Amino acid sequence: MKIVGGAALAKLYPDDDEVRPTADVDALFEPVSDVLIVADAMAQDYALRPDWLNSAARPFMARGLAESADDSFHVYAAEPEELIAMKMARGAPQDIDDLRILARHLGITSPARLVQIAYTVYGADSVHLQDGEDSYLLFAEDVLGT
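Counting from 2, one number per residue, gives the positions in the sequence shown under the numbering used here.
Don't take every hint at face value.
[As the list claims (entries may be wrong)] Calculated lysine to any residue pairs in the SDA-like style (CA-CA distance at most 20 Å, straight line):
(1) Lys12 <-> Gly65
(2) Lys12 <-> Asp25
(3) Lys12 <-> Ile97
(4) Lys12 <-> Val76
(5) Lys12 <-> Asp96
(6) Lys12 <-> His106
[As the list claims (entries may be wrong)] Here are the simulated distance ranges between beta carbons:
(7) Thr147 <-> Trp53: 35 to 41 Å
(8) Asp126 <-> Asp41: 36 to 42 Å
(9) Leu66 <-> Asp41: 17 to 23 Å
(10) Asp71 <-> Asp17: 26 to 32 Å
(11) Asp98 <-> Met43: 24 to 30 Å
(12) Trp53 <-> Thr121: 28 to 34 Å
(13) Asp126 <-> Pro94: 23 to 29 Å
(14) Ser69 <-> His106: 22 to 28 Å
(15) Val128 <-> Asp41: 30 to 36 Å
(16) Gly65 <-> Asp18: 28 to 34 Å
(17) Leu66 <-> Asp132: 27 to 33 Å
(18) Arg114 <-> Arg50: 32 to 38 Å
(19) Asp135 <-> Arg50: 37 to 43 Å
(20) Ala57 <-> Lys12: 17 to 23 Å
The set of hints was computed from the structure by calculation and includes no laboratory data. Note that the structure is a prediction, hence the values are computed from the model and not measured. Even glycine gets a Cβ: it sits at the ideal position worked out from N, Cα and C.
Build out the structure end to end from the sequences listed, making use of the hints.
Spelled out as structure tokens, the structure:
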């Protein structure tokens, strides 16, 4: 299972107090039906929202699941660069703080670098990056406060 969003930030940076809590886990997982059966049981056992585990972010994931050497179930966070690309493409106000955290951990101080990562991950002709490079650069400048 590959997790993205706030849950991925919590897994990547567990000691970072700026990582915000999240009420759900956005993830890519297989086998879908089996995982959702377990997630539903967990929701009932722990009084979680029915959609606490969801694949709503799946269309924005640039990369699929990593290959596993065995049949065991693995949970891992998406790479920081993929998270940057996803959050740059979405460009929502709630993504700004997450992008700041990612940039800080990766030592990124240039708005152009955030844009470059998004285009490297998705590709210049991606349906996820339709607003034009200048638009993403303005968003990245807001993120980094430059």
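Hint check:
Under the criterion of a C-alpha separation no larger than 20 Å, the hint pairing Lys12 with Gly65 is consistent with the structure, at around 18 Å. Taking the CA atoms of Lys12 and Asp25, the gap is near 13 Å; set against the 20 Å cutoff, the hint holds. Among the hinted pairs, Lys12 with Ile97 is consistent with the structure: their alpha-carbon atoms are about 19 Å apart, no more than 20 Å. Among the hinted pairs, Lys12 with Val76 is consistent with the structure: their alpha-carbon atoms are about 10 Å apart, no more than 20 Å.
A threshold of 20 Å between alpha carbons decides the hint, and for Lys12 with Asp96 the separation of about 17 Å falls inside it, so the pair holds. Restraint check: the Cα-Cα separation between Lys12 and His106 comes to about 13 Å, which is no more than 20 Å; the hinted pair holds. The hint said 35 to 41 Å for the Cβ distance between Thr147 and Trp53, and at roughly 36 Å that hint holds. Asp126 and Asp41 have their C-beta atoms about 38 Å apart, which keeps the hinted 36 to 42 Å range intact.
Between Leu66 and Asp41 the CB atoms are about 21 Å apart, so this pair conforms to the stated range of 17 to 23 Å. About 31 Å separates the C-beta atoms of Asp71 and Asp17, a value consistent with the hinted range of 26 to 32 Å. In this structure the supplied range 24 to 30 Å holds for Asp98 paired with Met43, their Cβ-Cβ distance being about 28 Å. The hinted range of 28 to 34 Å is satisfied by Trp53 and Thr121, whose Cβ atoms lie roughly 32 Å apart.
Taking 23 to 29 Å as the suggested C-beta distance range, the pair Asp126 and Pro94 conforms, at roughly 27 Å. Between Ser69 and His106 the beta carbon distance is about 26 Å. The supplied range of 22 to 28 Å therefore holds. At about 32 Å, the CB distance of Val128 to Asp41 agrees with the hint of 30 to 36 Å. As the Cβ distance of Gly65 to Asp18 is approximately 32 Å, the hint placing it in 28 to 34 Å holds.
In this structure, Leu66 and Asp132 meet the distance hint of 27 to 33 Å, their C-beta atoms being roughly 28 Å apart. Taking the beta carbon of each, Arg114 and Arg50 are about 36 Å apart, inside 32 to 38 Å as hinted. Distance hint check: the CB atoms of Asp135 and Arg50 are about 38 Å apart, consistent with the given range 37 to 43 Å. Remark: the range hint 17 to 23 Å for Ala57 to Lys12 is upheld by a beta-carbon distance near 18 Å.
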